[in-house]
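Peer 1: Below, each chain spelled out in residue letters.
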Amino acid sequence: MTVTLIWIVVALVAIGLYLSWTAGRLDRLHTRIDAARAALDAQLLRRASVTQELATSGVLDPAASIVLYQAAHAARQAEEDHREVTESELSQALRAVFGEQAQVDVVREAPGGEEAADELAAAVRRVPMARRFHNDKVRAARALRGHRKVRWFRLAGHAPFPLAFEMDDEPPVALADRPGT
Amino acid sequence: MKIGIVCPYSWDVPGGVQFHIRDLADHLIRLGHQVSVLAPADDETPLPPYVVSAGRAVPVPYNGSVARLNFGFLSAARVRRWLHDGTFDVIHIHEPASPSLGLLACWAAQGPIVATFHTSNPRSRAMIAAYPILQPALEKISARIAVSEYARRTLVEHLGGDAVVIPNGVDVGFFDKAEPKAEWQGGTIGFIGRIDEPRKGLPVLMRALPKILAECPETRLLVAGRGDEEEAVAALPKEMRDRVEFLGMVSDEDKARLLRSVDVYIAPNTGGESFGIILVEALSAGAPVLASDLDAFAQVLDQGAAGELFANEDADALATAAVRLLGDEERRTELSERGSAHVRRFDWSTVAADILAVYETVTDGAASVAADERVSLRARFGLARD
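Just so you know, the sequences run in chain order A and B.
Under my numbering, read the first sequence as residues 1 to 181, first letter to last.
Under my numbering, read the second sequence as residues 1 to 386, first letter to last.
Simulated from the structure, these hints should not be mistaken for lab results.
None of these values were measured; they are calculated from a predicted model.
Treat the hints with caution; some may be incorrect.
[What the hints assert, rightly or not] With a straight-line cut-off of 25 Å between C-alpha atoms, the simulated SDA-like cross-links for lysine to any residue are:
| id | chain 1 | residue 1 | chain 2 | residue 2 |
| --- | --- | --- | --- | --- |
| 1 | A | 149 | B | 211 |
| 2 | B | 181 | B | 2 |
| 3 | A | 149 | B | 135 |
| 4 | B | 181 | B | 135 |
| 5 | A | 149 | B | 131 |
| 6 | A | 149 | B | 130 |
| 7 | A | 149 | B | 236 |
| 8 | B | 238 | B | 210 |
| 9 | B | 2 | A | 122 |
| 10 | A | 149 | B | 181 |
| 11 | B | 2 | A | 149 |
| 12 | B | 177 | B | 19 |
| 13 | A | 149 | B | 238 |
| 14 | A | 149 | B | 133 |
| 15 | B | 211 | B | 174 |
| 16 | A | 149 | B | 230 |
| 17 | A | 149 | B | 139 |
| 18 | B | 211 | B | 107 |
| 19 | B | 2 | A | 80 |
[What the hints assert, rightly or not] Partial list, derived from the structure: chain A residues whose beta carbon lies under 8 Å from chain B:
| id | residue |
| --- | --- |
| 20 | 73 |
| 21 | 74 |
| 22 | 126 |
| 23 | 132 |
| 24 | 146 |
| 25 | 149 |
Glycine included, each C-beta is placed from N, C-alpha and C at the ideal position.
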């Protein structure tokens, strides 16, 4: 009788420890999502600022300048739930303007243009990276949250259900030196 | 930036992953970063100054072959000490899913972790069973890199999630500037790879050779690589055997010169390739390339634009394509020029810039890497004193 009781207590403690560990793991996952989201925000903001700088520099023709300025401005001012759409539109605007190598060369020839072009190239390549890293973390957290033990014991607490950031982040051909990344 | 790189395979055994890490470390050091590589190595092996030994790797049967792996209490302690002493801004783990140093480092560290997945194995039962064990460790990785679109697909299938594709790097200038060797020139076909490893595809080439020689009798086949030479030519008619020259293991310099000299480089590999670094090296040297149409090869060759492809394991298709190429100098020049332009994206300057961009993305605002302190029981229940 006592032996059975002891075994039951041991089993309960083991289950408790396992659940506590899982809750900790989930908590760390949520922290990592926040960090990845902050990194993604930084890259998006950086891309929008460089675009805006180029648009107001007078290096590009007026039409291209207005298109870029408008898109970058909208992306920076967007409400959280429009963010994905406005950032995608900025990608499209950048693709439209920097679709040709000649346009990039014009920017590079202007004084200080070399750095601006490099910075933009770095920004348009880092956005897809940061977005993939973020969505990768989101996927891991969602997989764990979908598990029975997490749902039954409400281990996720009040943390909001993590959402992936979906946008069109294809870089312009003339700025991406490599396809597929 | 202080960068720690974890190599899962023995430093003293030559291999693709080891070379990749060596070149990456060299390149990062030249750019002014502090790099430390943790790798399994025998205590007697001479190591470059930036490599820290994690002890001897133990040969164990794993995944169908004998792999030399590091695991166990002692290795784990060395990983922790390396992490603690290094105070790295970021650690870069190679092959985190293989049961070796990579996985141990992943388990023991916290902070910005970048991981590169090199292999593209078909999904195995062991992987499915190991999934719940691996997952908590792999969740710590902040950024995943796959070496090819093909490797990325396997990763997504096996472990879920996503990765950015950054190809393996090659020092294009090294191959580009090599001197061609006169005795290796003039109607020559090149093959580099282990002779006795059927997946490298020498048997396919040997089956195609009689047809090639029937059309172009002056052709010579130069084979560089380890293995039994007698056995390799056994299937060939006697009078054709002297058209095959074995060069044995060649140095890096000779490899570059060989690739500069040959008229056509043939890669008849039948499988097991996740990237195909040798193709990139051949393209760097300006050699016209003819390769089997493996996924990884097709991607390196830009779906056939930077080099010709033939149906995998089809000796007849190989022979036809090789004969056509050997007889068409214009086409060879065209391929060589297109290849040289295409290969710039695999140069270390581009590849390392991409890898650094990944490092910067994950370290922005993050604390440095530290050993992952296990939360004590008291702390977990809020009973710790501090």
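Peer 1: Mind checking the alpha carbons of residue 2/B and residue 122/A for me, to see if they're no more than 25 Å apart?
Peer 2: Distance ~21 Å between residue 2/B and residue 122/A Cα, so the pair holds.
Peer 1: Under the criterion that the straight-line Cα-Cα distance not exceed 25 Å, is the pair residue 149/A, residue 130/B satisfied?
Peer 2: 19 Å, holds
Peer 1: Any CB of chain B closer than 8 Å to the CB of residue 149/A?
Peer 2: At about 12 Å, which exceeds the 8 Å cut-off, the nearest Cβ of chain B leaves the hint on residue 149/A violated.
Peer 1: Compare the distance between the alpha carbons of residue 181/B and residue 2/B with 25 Å, and conclude whether the hinted pair is satisfied.
Peer 2: This hinted pair is violated, its Cα atoms lying about 42 Å apart.
Peer 1: Is it true that the CA of residue 211/B sits at most 25 Å from the CA of residue 174/B?
Peer 2: Violated: residue 211/B and residue 174/B sit about 34 Å apart, past 25 Å.
Peer 1: Has the given pair, residue 177/B with residue 19/B, been kept, meaning a C-alpha gap of at most 25 Å?
Peer 2: Roughly 20 Å separates the two Cα atoms, so the pair holds.
Peer 1: So if I understand the rule, the pair passes when the alpha-carbon distance is 25 Å or less; does residue 2/B with residue 80/A pass?
Peer 2: 35 Å, violated
Peer 1: With the threshold set at 25 Å, check whether the alpha-carbon distance from residue 211/B to residue 107/B stays at or below it.
Peer 2: This hinted pair is violated, its Cα atoms lying about 54 Å apart.
Peer 1: Take the C-alpha atoms of residue 149/A and residue 230/B, compute the straight-line distance between them, and say whether it is at most 25 Å.
Peer 2: 61 Å, violated
Peer 1: Against the 25 Å threshold, does the CA-CA distance of residue 149/A and residue 133/B hold or violate the hint?
Peer 2: Within the cut-off at roughly 16 Å; holds.
Peer 1: Between residue 238/B and residue 210/B, does the CA-CA distance stay at or below 25 Å?
Peer 2: At roughly 11 Å apart (the allowed maximum being 25 Å), residue 210/B and residue 238/B satisfy the hint.
Peer 1: Does residue 74/A hold up as a contact with chain B if the rule is Cβ-Cβ below 8 Å?
Peer 2: Violated - the Cβ of residue 74/A stays beyond 8 Å from chain B, reaching only about 24 Å at its closest.
Hints 1, 2, 4, 7, 10, 11, 13, 15, 16, 18, 19, 20, 21, 24, 25 from the earlier list are contradicted by this structure; the remaining hints agree with it.
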